[in-house]
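Under this note's numbering, the sequence shown is numbered contiguously, ending at residue 583.
Don't take each hint at face value.
Straight-line Cα separation of at most 25 angstroms, SDA-like style, residue types lysine to any residue; simulated pairs [unchecked claim]:
#1 K19 <-> K278
#2 K364 <-> D205
#3 K278 <-> R200
#4 K276 <-> K19
#5 K276 <-> K364
#6 K19 <-> P8
Quick list of the computed label-pair ranges, beta carbon to beta carbon [stated by the list, open to error]:
#7 L501 <-> G72: 50 to 58 angstroms
#8 E123 <-> G558: 52 to 60 angstroms
#9 V102 <-> K455: 42 to 50 angstroms
#10 L360 <-> A555: 19 to 27 angstroms
#11 L501 <-> N84: 49 to 57 angstroms
#12 L384 <-> R21: 43 to 51 angstroms
#13 E460 <-> E26: 52 to 60 angstroms
#14 G217 <-> D92: 23 to 31 angstroms
#15 G441 <-> N84: 24 to 32 angstroms
#16 D92 <-> L384: 45 to 53 angstroms
It is worth saying that the hints were derived from the structure and are not from the lab. Quick reminder that beta carbons are idealized off the backbone N, C-alpha and C, glycines included.
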Amino acid sequence: MASYLVEPVDRLPFGAPDKSRRYATERYPGAAGLNWYDSDPTLRFLMRRHLGAEGLEWAVPHLERAGALMAGPISEHAEETDRNPPRLERYDRWGRDVSRIVMPPSFEEARRELVARSFTRPEFTAEAKAAGADPAAMIAAWHYLLYQADIGMGCALGTGGDMVVLMAEAFAPEDVRERVREIFADGMFSGEAAQMFTERSGGSDLGALETTATPDGDAWRLNGLKWFASNANGSAFVVLAKPEGAPDGVRGVSPFLVLRERRDGGHNGIRIRRLKDKLGTRSVASAEVEFADAEAFLLAPDPRGTGDGKGLGRMMTLTNGARLAIAMMGLGCARRALVESVCYARSREAFGAALIDQPLMRRKLAELIVEVEAAQAMVFDGTLNSGLRLAPALVKLRAARLGVTAASDAIEIHGGNGYIEQWPVARILRDAQVNPIWEGGDNVLCLDMRRAMLKENAHESFLDRLTAAVGQAPADDETTVSLVRTRIEDLRKAITALSGLDPVAAEARLFPLAQFMCDVYAAALLLEQAGWERRELGTDRKALVARLYADAHLADHGPLRGIDRPAEDLDRFDDLLTGALTL
1 MASYLVEPVD RLPFGAPDKS RRYATERYPG AAGLNWYDSD PTLRFLMRRH LGAEGLEWAV
61 PHLERAGALM AGPISEHAEE TDRNPPRLER YDRWGRDVSR IVMPPSFEEA RRELVARSFT
121 RPEFTAEAKA AGADPAAMIA AWHYLLYQAD IGMGCALGTG GDMVVLMAEA FAPEDVRERV
181 REIFADGMFS GEAAQMFTER SGGSDLGALE TTATPDGDAW RLNGLKWFAS NANGSAFVVL
241 AKPEGAPDGV RGVSPFLVLR ERRDGGHNGI RIRRLKDKLG TRSVASAEVE FADAEAFLLA
301 PDPRGTGDGK GLGRMMTLTN GARLAIAMMG LGCARRALVE SVCYARSREA FGAALIDQPL
361 MRRKLAELIV EVEAAQAMVF DGTLNSGLRL APALVKLRAA RLGVTAASDA IEIHGGNGYI
421 EQWPVARILR DAQVNPIWEG GDNVLCLDMR RAMLKENAHE SFLDRLTAAV GQAPADDETT
481 VSLVRTRIED LRKAITALSG LDPVAAEARL FPLAQFMCDV YAAALLLEQA GWERRELGTD
541 RKALVARLYA DAHLADHGPL RGIDRPAEDL DRFDDLLTGA LTL
């Protein structure tokens, strides 16, 4: 029964029960009414492929519980936290600066549930290994499910924990290392870490930062202002600063560990000036943080008292993992946008039929399904094949942007309702917009791609990966396989051509080259998945997805722009849909 009043407006002369049924509230539960593991055939496909039969049998109950947790309590907590974000208590009753960030009860409850059930817990990963289930694949699936509910919570729990722990173990004094171990006793995914890089000079030009470190025994004193620091309510921070006497520029930058409390137990010199009034991701507290003689510890060798000039490079190695995490966030936003779109299109009726039965809507949904699965293939490959140097930049570039465009499409599919905060897709768009910024914008990613190609010949292993992936494609899909093989060779030529351009033009062409790399990477991976599906399951849905993706991104459609090509996306729409979402 409906939980709302039936009013006179529901009984107008031109109204009728069959008309009012079209917008009955109970017909629009959306994604929150599902289990996000059980309803996602694409994730079940990936888990079967990466875990094997024995590992999957052990993993399914855990994945089902995670799917229910994210779609239910965590999603509900995220909506509440978005409406009631963190607040800053700057002073106590005597006017003392306490700089205390107060998180809403909805955030604290979500954090407790997530930390208690996280797949990143050491005991869980040990159990997964013993059962023959790859812990990395399980952790990737867990994050993928979480980020459909709340990417801000993912940032709040996962920002820099591995960086703090690994670098502290390598470089901090023993008593400080012990304190870090205590802070992260529940694992790196506990919400205790933060990375503080960005200053008013900008987030990308790290050589221009001004925060200064002064020696103080085996510790340092930090002074400066960080302009955008996320998870500022944490307990352990990696902070970039320049030691006095170091050169001004990138080589003078060193990472430091700053704890909320000093060695003697007192409040460290950390002041929260104000919380950022952000567009989205309100479940992670972002702030302007000032360091005033804050006790800090150099996270680098210290032969001359100014670091060894390589601290930033060490951090950038760990940053590649963070970029893959942001890519997973973009994918989570895109998947949630797709599911909300399908649920709405099934229920909403116009012009005498459900939206999902309209040809133009089917075209849009088919496109969303294909793009989300292509990004999914890239994100999981980049995450589970960590040796591919170019993957983090390329995968983040594509998946982070897709999160924004898919959320925008979802709003359009919902019409005016999508623009209203009571419906879920408005928050998805607000949250997704940060992903192209976090851990480097598109231009920074392109520069990193160029650096990897010039200094490490990283494009060679990347091209080898593409060739190997296509080598696993179904034998009977010759047209698509031939197209992708041709584009791999075209990509090799494009990389060679770029090296012959003058430096200004070459830098300007990095973005279209990166887009070309993403297109071919995704198509090759989809063919690889299609081959596995054909051999193991005897079905051909991924081959369909690969064909549609390659046709959209790699084919030459001629002067008619492909308008005259077969409408396989419509002819096999039911296959696309049932393979993407189970309701």
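Tested hints:
For the hint pairing K19 with K278, the CA-to-CA distance comes to about 40 angstroms; that exceeds 25 angstroms, so the pair is violated. With a C-alpha separation of about 39 angstroms, the suggested pairing of K364 with D205 is violated against the 25 angstroms cut-off. Restraint check for K278 and R200: satisfied, since their Cα atoms lie roughly 16 angstroms apart, inside the 25 angstroms limit. Between K276 and K19 the alpha-carbon distance is near 45 angstroms, which puts this suggested pair outside the 25 angstroms criterion.
For the proposed pair K276 and K364, the alpha carbon gap of about 36 angstroms is over 25 angstroms, so the pair is violated. Taken as a hint, the K19 and P8 pair is honoured in the structure, with Cα atoms around 14 angstroms apart against an allowance of 25 angstroms. About 53 angstroms separates the C-beta atoms of L501 and G72, a value consistent with the hinted range of 50 to 58 angstroms. Distance hint for E123 and G558: a CB-CB separation of about 58 angstroms, consistent with the stated range 52 to 60 angstroms.
The given range of 42 to 50 angstroms is respected by V102 and K455, whose C-beta atoms sit roughly 46 angstroms from each other. For L360 and A555, the Cβ-Cβ distance of about 22 angstroms falls inside the hinted range of 19 to 27 angstroms, so the restraint holds. Take L501 and N84: their Cβ atoms lie about 52 angstroms apart, and the range 49 to 57 angstroms holds. One distance hint, 43 to 51 angstroms for the beta-carbon pair L384 and R21, holds here, with the actual separation near 46 angstroms.
With their beta carbons about 57 angstroms apart, E460 and E26 fall inside the hinted range of 52 to 60 angstroms. Distance hint for G217 and D92: a CB-CB separation of about 30 angstroms, consistent with the stated range 23 to 31 angstroms. Between G441 and N84 the CB atoms are about 30 angstroms apart, so this pair conforms to the stated range of 24 to 32 angstroms. At roughly 48 angstroms, the beta-carbon separation of D92 and L384 lies within the given 45 to 53 angstroms, and the hint holds.
Consistency note: the structure conflicts with the earlier hints numbered 1, 2, 4, 5.
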